[in-house]
Amino acid sequence: MAPSVCLQEMIRVIRSARTQGEERGVIQRECAAIRAQFRQADSGGRSHNLAKLLYVHMLGYPAHFGQMECVRMIASPRYSEKRIGYLGAMMLLDEKQDASLLITNSIKNDLSHSSQYIQSLALCTLACMGSAEMCRDLAPEIERLLKASNSYIKKKAALCAVHIVRKIPELGELFTPSAHSLLSDKNHGQSFLLSVRSPTLCLHVFHAVPELVQIMKGLVTSGYSPEHNVAGISDPFLQVRVLRLLRILGRNNDEASDAMNDLLAQVATNTDSSKTAGSAVLYETVLTIMDIKSESGLRVLAVNILGRFLLNNDRNIRYISMTSLQKIVQTDHTAVQRHRGTIVDCLKDQDASVKRRALELSLALVSAANIRSMMKELLRFLSTCPPELRSHATSGIFNAAERYAPSQRWHIDTILHVLITAGGDVRDETVPNLIQLISVASELHCYTVHKLYRALISDISQQSLVQVACWCIGEYGDLLLKGDCDEIEPMQVTEDDVLDVLETILQSHMSSPTSRGFALTAIMKLSTRITNNIDRIRSVVSIYGSCIDVELQQRAVEYNALFKKYDHMRAAVLERMPIMDKNSPGHANGDPSGEITKDLIQTTPIQGLLIQEPGELFCYSVGFNSVTCLCVFSAPNVTVYEKGGVNLKLQCDNQTETAITVTFTASNSTQSDITSFTLQAAVPKSVQLQMKAPSGDVIPAQGRGTVTQTILLNNPNKASLKMRVRLSYTSQGTLCQDMVQIDSFPSPAWN
Amino acid sequence: MMRFLLLFSRQGKIRLQKWFLPLGEREKKKIIRDMTTMVLARKPRTCNFLHWKDLKIVYKRYASLYFCCGLEEEDNELLALEVLHRYVELLDKYFGNVCELDIIFNFEKAYFILDEFLMGGEVQETSKQSIAKSIEASDMLQETMEEYMSKPAF
Numbered sequence: 000m001a002p003s004v005c006l007q008e009m010i011r012v013i014r015s016a017r018t019q020g021e022e023r024g025v026i027q028r029e030c031a032a033i034r035a036q037f038r039q040a041d042s043g044g045r046s047h048n049l050a051k052l053l054y055v056h057m058l059g060y061p062a063h064f065g066q067m068e069c070v071r072m073i074a075s076p077r078y079s080e081k082r083i084g085y086l087g088a089m090m091l092l093d094e095k096q097d098a099s100l101l102i103t104n105s106i107k108n109d110l111s112h113s114s115q116y117i118q119s120l121a122l123c124t125l126a127c128m129g130s131a132e133m134c135r136d137l138a139p140e141i142e143r144l145l146k147a148s149n150s151y152i153k154k155k156a157a158l159c160a161v162h163i164v165r166k167i168p169e170l171g172e173l174f175t176p177s178a179h180s181l182l183s184d185k186n187h188g189q190s191f192l193l194s195v196r197s198p199t200l201c202l203h204v205f206h207a208v209p210e211l212v213q214i215m216k217g218l219v220t221s222g223y224s225p226e227h228n229v230a231g232i233s234d235p236f237l238q239v240r241v242l243r244l245l246r247i248l249g250r251n252n253d254e255a256s257d258a259m260n261d262l263l264a265q266v267a268t269n270t271d272s273s274k275t276a277g278s279a280v281l282y283e284t285v286l287t288i289m290d291i292k293s294e295s296g297l298r299v300l301a302v303n304i305l306g307r308f309l310l311n312n313d314r315n316i317r318y319i320s321m322t323s324l325q326k327i328v329q330t331d332h333t334a335v336q337r338h339r340g341t342i343v344d345c346l347k348d349q350d351a352s353v354k355r356r357a358l359e360l361s362l363a364l365v366s367a368a369n370i371r372s373m374m375k376e377l378l379r380f381l382s383t384c385p386p387e388l389r390s391h392a393t394s395g396i397f398n399a400a401e402r403y404a405p406s407q408r409w410h411i412d413t414i415l416h417v418l419i420t421a422g423g424d425v426r427d428e429t430v431p432n433l434i435q436l437i438s439v440a441s442e443l444h445c446y447t448v449h450k451l452y453r454a455l456i457s458d459i460s461q462q463s464l465v466q467v468a469c470w471c472i473g474e475y476g477d478l479l480l481k482g483d484c485d486e487i488e489p490m491q492v493t494e495d496d497v498l499d500v501l502e503t504i505l506q507s508h509m510s511s512p513t514s515r516g517f518a519l520t521a522i523m524k525l526s527t528r529i530t531n532n533i534d535r536i537r538s539v540v541s542i543y544g545s546c547i548d549v550e551l552q553q554r555a556v557e558y559n560a561l562f563k564k565y566d567h568m569r570a571a572v573l574e575r576m577p578i579m580d581k582n583s584p585g586h587a588n589g590d591p592s593g594e595i596t597k598d599l600i601q602t603t604p605i606q607g608l609l610i611q612e613p614g615e616l617f618c619y620s621v622g623f624n625s626v627t628c629l630c631v632f633s634a635p636n637v638t639v640y641e642k643g644g645v646n647l648k649l650q651c652d653n654q655t656e657t658a659i660t661v662t663f664t665a666s667n668s669t670q671s672d673i674t675s676f677t678l679q680a681a682v683p684k685s686v687q688l689q690m691k692a693p694s695g696d697v698i699p700a701q702g703r704g705t706v707t708q709t710i711l712l713n714n715p716n717k718a719s720l721k722m723r724v725r726l727s728y729t730s731q732g733t734l735c736q737d738m739v740q741i742d743s744f745p746s747p748a749w750n
Numbered sequence: 000m001m002r003f004l005l006l007f008s009r010q011g012k013i014r015l016q017k018w019f020l021p022l023g024e025r026e027k028k029k030i031i032r033d034m035t036t037m038v039l040a041r042k043p044r045t046c047n048f049l050h051w052k053d054l055k056i057v058y059k060r061y062a063s064l065y066f067c068c069g070l071e072e073e074d075n076e077l078l079a080l081e082v083l084h085r086y087v088e089l090l091d092k093y094f095g096n097v098c099e100l101d102i103i104f105n106f107e108k109a110y111f112i113l114d115e116f117l118m119g120g121e122v123q124e125t126s127k128q129s130i131a132k133s134i135e136a137s138d139m140l141q142e143t144m145e146e147y148m149s150k151p152a153f
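As they're listed, the protein sequences go chains H and F.
The first sequence: position 179 = 178 (numbering that gives the first Met the number 0), numbered continuously.
The second sequence: position 68 = 67 (numbering that gives the first Met the number 0), numbered continuously.
Chain F is nowhere near these chain H residues, computed Cβ spacing over 12 angstroms in every case: (1) Arg17; (2) Thr18; (3) Val219; (4) Gln329; (5) Ile456; (6) Ser545; (7) Gln670; (8) Val697; (9) Gln740.
Within a straight-line C-alpha distance of at most 25 angstroms, the following computed SDA-like cross-link-like pairs (lysine to any residue) qualify: (10) F:Lys17 <-> H:Ile13; (11) H:Lys95 <-> F:Glu24; (12) F:Lys127 <-> H:Ala147; (13) F:Lys132 <-> H:Leu218; (14) F:Lys17 <-> H:Ser130; (15) F:Lys127 <-> H:Gly217; (16) F:Lys28 <-> H:Met57; (17) H:Lys292 <-> F:Glu71; (18) H:Lys563 <-> H:Ile529; (19) F:Lys12 <-> H:Ala31; (20) F:Lys27 <-> H:Met57; (21) F:Lys42 <-> H:Asn312; (22) F:Lys28 <-> H:Ala98; (23) F:Lys17 <-> H:Asp97; (24) F:Lys127 <-> H:Gly231; (25) F:Lys28 <-> H:Asp97; (26) H:Lys347 <-> H:Ser323.
No lab work stands behind these hints: they were computed from the structure.
Glycine included, C-beta positions come from ideal geometry on N, C-alpha and C.
Hey, can you work out the whole structure from these sequences and the hints?
So this is what it looks like as structure tokens:
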């Protein structure tokens, strides 16, 4: 067996390994030697071996076979072995390992050892990795040690008690009596203060506020103590800790808050903040002032300190001041507004952390009064913003614009600007939101479409911009071609230009499938708004009829059908859309180029209704595919229309509380077949409707077959459901049309 | 309360890891990976504070070592910077002009010093002299045992 190499030699050998493989080899050899050594009886070098194992563990290699050795070493009488054993326990054992329970007894023995250093080892290990059971077992011991006269042990026992209370809050009561006595300990190491997390302890300790105040005063005004001094501040660690305790005690307690007001003012004014230690104390003071029920003068002082921090050269201090301001911006809004200029300047800082804080704070500071100037700054920031902050910035800007937009035109301009700068990082619902906004601002249609067109011809890579622009060009293409617009310099746009742009988008590899869908639909809509190039549109549409993308292909085929079979309907179908409401059903879908039902009460012509075509489906509704779904229903079948031999039955099936499936079954009792049977349906505004494909459009004669059509309704507001159904069919050569209003549905769902 | 304290080199090799909260091996490795990536990616004159999940991360670079600790929401970041600095001062006093190699070859001593300074994620002793004295005394205890061993000293 190779003699074991001492620790530093081994480290040297490992470090000199030139490749990962070599290192692994060395480590494997060493581990084998260590394992062999562990199996031997006491060889005198046990602590060295364990130390080596711990080094190997730190490099990331498995070292679980050392756990039992740790347990053995802890039980050894030799100090060096105990020391390494406890270190090994802290590194290798945690409360999830079973071996950790085995050391409970050793710790217990060591806690009563005569040497304080061995006691401290045990205390330290318990505080580091003590599991709940171990803590429960050893809590009485710790409590005993808390009363010891040795201050070295007392402070360690106190921190150990803190750990125990964290693990098992109920044991807090056990330590309460000792807590108070620790406070009056002259020694600077009063560590038990932090355990004041449990409310019961708070009750016991809060009457100690005057004492704490005294301690703090002593620290702030005392003479120079070289031991505890850091950069001119006497014992900043303790000061911060006392302040933290004061914060917890004063949180909802008027009396306590009053008692500490003076002290806080004194600390806030007297602490020198040129170095980090002083700033740390001031920072903690500010946090304490903000958290307790302090008087308003004190709060103003705190905000001013934060403002001073903002102007500091040190980035760390600026960062934390912005973090704190973020916490109080809701409650002390006006106070923070005073520092708006500095915060906005921080947007231009080099540091990404500072930028992030500045962005959040700026967004919180936007108000109706400063929206224009803030938006300018935010938009400038957006152009130089780091990528990880972009989506946050864009959504913040949109929210702010929506809440405080001074005019529609400003709003549209802002959104356009954002899309041009950072269109790739906006959220998905931005596109429909913007489209809805544009459609509402009817007097700005001309201006908007011109602006969008100009943005489009310079850059087609931002998908959201492309989608919005295509939609607008499709809708308002006639305004674009007319050329004149009062709010923007005129630009002569020919039909060919517009179609060129749209075709480029269709063909570009940068365009996403959604954008291409938008472009195709836009081209189609233009067929009713332009006069000369209809053939060009026809050819584009027919080319895409064989496109690989299924969505495009479907659309192209449908549009083709519109050109061929339903040319008479084309103008009506492609007419300009009515203004959408913010929460209308069409709004919920992602593709607003499908406008869905409008209201039932107005006598809208066919264009307003959802149009459902059989055969090669031309359907505005999104996500439509030509699959007929026949559901199995349990609800009764009701006849809603009976005339001229045509019988229409209705069946309802409730799928959920707000969704319902309605199936119409049409049958024919005449002698001849009924052809071109179509059903159109309209529902109230709050209800969303989705029509599935009918099973066919020919109803065989004499009841030999039926045509079924399924409609899915979504009624989120549980409004009373009505439906108007228009039938249209050809029977014995004559075209018949009829309308049926269904006021009550045979199901109890809607109440 | 400090959740963890890590020391790692510029190449991302970990030199010391102290966990004040029980975590599984995989989580520890993940945290180490995340910390080293995040901290090593920072440019020289940027702020020393980061945000990671729900923790505040405070880091400081001393020569070739990064000292990185993870704090909870209520903790004072500026004070954490002071804590890191104090630890470096303690190491410096003990080893005399400490450098990374000292910490590599005497890692267990670095741990012992840390255990005298921090416990359970909190500062246990604010006086540099007391800590130095305790470490000295413990080392004395250790050396006397060495007499029983016939091994070369560390």
